[in-house]
Amino acid sequence: MHADPFFLSDVAGFLGGYFAFLAVMNGIFALVLWRSYGQTGRALVWTVFAGAMMILSSLALSGSPSLVPALPDGVRGLVNTLSGPVLYSLGTVALCTVLFVFRSFFVRPMVAWTLFNAALVLMGLSMADQNFALIVMKPDNVPIVGLVFLLAFFTWVATKQAVVNDERIARGEPPMEKLDDEKVLVWPDLVYTELICMVAVSAFLLVWAICLPAPLEEPASSVKTPNPSKAPWYFLGLQEMLVYFDPWYAGVVLPSLVIFGLMAMPYLDFNKAGNGYYSIAERKFAYLTFQFGFLVLWITLIILGTFLRGPNWNFFGPFEYWTPYKVEVLNNVDLNQMFWVNWLDMPLPRAAVDAPWYSRIATVLLRESPGLVVLGLYLVALPPVLAVTIFRGMFVKMGFIRYMVMANLMLLMLSLPLKMALRWTMNLKYIVTIPELSLNF
Amino acid sequence: MADKKKMSVAEILAAARAADGGAAAGAAKADAGEEPASPAAASPKPVPGKPAGAAKPTGEAKPAAGGARPSVSDILAMARGNKEPGATATKPAAEPKAKPAAAAKPAAAAKPAAPVAGGTKGVERDTASILAAARGGAKPGPVSKAEAPPRPAAKPKPAEPAAAKALPRVVPLKPTRAPLAAKKQDAEGEDRRSFLQIATGSFLAVGFTALSVTTGLFTLGLARFFFPNVLAEPPSKFKVGFREGFPAGKVETKFVAQYGVWVVNGEFQGQQQIYALKTVCTHLGCTPSWLEAEQKFKCPCHGSGFYKDGINFEGPAPRPLERYAIRLSDDGQLEVDKGRSFQEELGQWADPASYVNV
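Read top to bottom, the protein sequences are chains L and Y. Residue 39 in this note's numbering sits at position 39 of the first sequence, and the numbers go up by one each step. Residue 559 in this note's numbering sits at position 118 of the second sequence, and the numbers go up by one each step.
One or more of the hints may lead you astray.
[Claimed, not checked] Stretch-level coverage of chain Y by chain L, calculated; a stretch enters the list once three of its residues show a Cβ under 8 Å from a Cβ in chain L: (1) 715-726; (2) 735-741; (3) 756-765; (4) 786-793.
In short, the hints are calculated from the structure, not lab data. Don't be surprised by glycine CBs; every beta carbon is placed ideally from N, CA and C.
Full structure from sequences and hints, please.
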């Protein structure tokens, strides 16, 4: 994979600057540690790290295939063969779980800084791979790389404050936000800040747009679709959802439910704790539900759609060449087919062409009866079952209507990961299939 | 809340009052001497505390809260109370017509004072109550603390209040416009302007008739817009060549760019036929591409896949690709008609218009 020397000489300048930047950043960090915090030992470690980055920078600047720092071919091949939608989704869920469970460890500044540097170095080493660099350095995708780091940073800040507050609350002290609740005025304090931010961000975007112009594609045509055809980055999670659902459900119902659910939140939330300060321990259910919906069901799907979906919307490993001829058999079967044909060994119930309308409806209902039963059990029978089991306490506090709204929103949200899992494990396409009405679930 | 970090609006107002309150307080204190004459001061509670209270709230707002702190309405009542004698004194000099107003005044002044005497409301000084109190004594116009002190000083000037009192007299003059209506009654039938009204019933009817006629014409024009004289589109019926040009198993992709159709010589349910597939994915309408090596149509948007016969087998597409009508025309060429389409899930592929037998 070191094949292309032209590519390497192109990317050498960038990588040299990139590693030099890492070196300078860590040098400053070590200096601050030493002068302001007096942590000489740690400062020494980070100085050594900065020196290593300096060496990588000079190696990268050489531009020679044997010297440019890169991940070994074996590692890249292994990553490519291992990665797939199943591993990616399960891996992100597992990663988020680990980060959540051991959050009091990960919020330590030194741990976070180490992880941040590890991610940056890993990215720098991967960048020497042409396929990886082609996708990550595409002007469209640069902001998404930035988004990943920004999101990680802000999640870290909020989690850190929540962890500190939780520890204080456990000791019986008030949360940090209550100690310093000095209020400032909207005008001028807030409005001035916003004005300055607006000017600064506009200037930044202007410079960015000039330095890294968005690439133009071929003229639009109704009979020619670019391959792969990608939505704007913020809709890539939606596009990924559409792989598993009918357009009306993934494109209309689920996004509306996201908005409706966010609007309903204040009315569903009976937990008065955590008002005005960060806390995880006091609002575990709310926190976990939101972070699962946002980080796992939205952000990771955006990253998946941006970096790992290639031509024909096939899944490609991060170091894999995006060939439109990749063969990936996804022979999907509807539930009615599975039930009637595979399990009962009968043909699908099918109405005669000249059958009256009521007989056609009856046939469709009969054909879809397994799916309708599954759907009914899921949406109608499951909430009461949950109410007397794991959501017993919430049901008592919320009352019937609020509980039912909450439970149904929750189940509809979970329908996405469930459907994804069913697609991977059983090759299930749709649970209910009524193509006569363009209605599928 | 207990510390004084945050100032409420009321306290800000109190502080503002403190700034210009020196004079006001002095004036109020001086007034206190003649106060017993006014009806407001006759109220039982505030009398003893008032002279001190009037000076204090302007000074330190908080600590005085417990003590005798007059409400805004109290202060206003006081200000009014000691202005009243002056005003009434000047009034007789003015016209007798102003009298009812003057008579109403003491009542108005007494009204805000009464609840104060009642007790609990005494310490309220939020903006709403200031406004309410100011509105209560409507006559003197804008009653603000800034204006309050000059007033007693202006007492000796009788001309100004008199002028102010004279103002309301203009208002009763207005009804004298009544003769206009009477004139109109006289002119009935002669006015040119009422011609249309007489002719059609009412102006409203004219307006709505015009509106509905315009809307109707606009709708008709809009409907016409959908049937243009010239269509800049390729014809919906077109010839694709002789049957011999489509050997068995071939998917002809050269008509995609212009017509959006694949002409396929393939097998469907054990029957070799030539059919025209519409190049629109049944999931969300992208154009799939024909992958010769894998013998399938594959959509680049969400990965839907279709067999050569158009049947969906992978990805999210819920139903097979659609067919266009195809037939053998009189000159022996195949002719595709995009005006009609056939859907497999509705059983329409059995229609002989949807294929040509090989």
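Now the hints, each set against the structure:
{"no.": "1", "hint": "715-726", "result": "holds (count 3)"}
{"no.": "2", "hint": "735-741", "result": "holds (count 4)"}
{"no.": "3", "hint": "756-765", "result": "holds (count 4)"}
{"no.": "4", "hint": "786-793", "result": "holds (count 4)"}
This entry satisfies every hint, going by the numbered hints stated previously.
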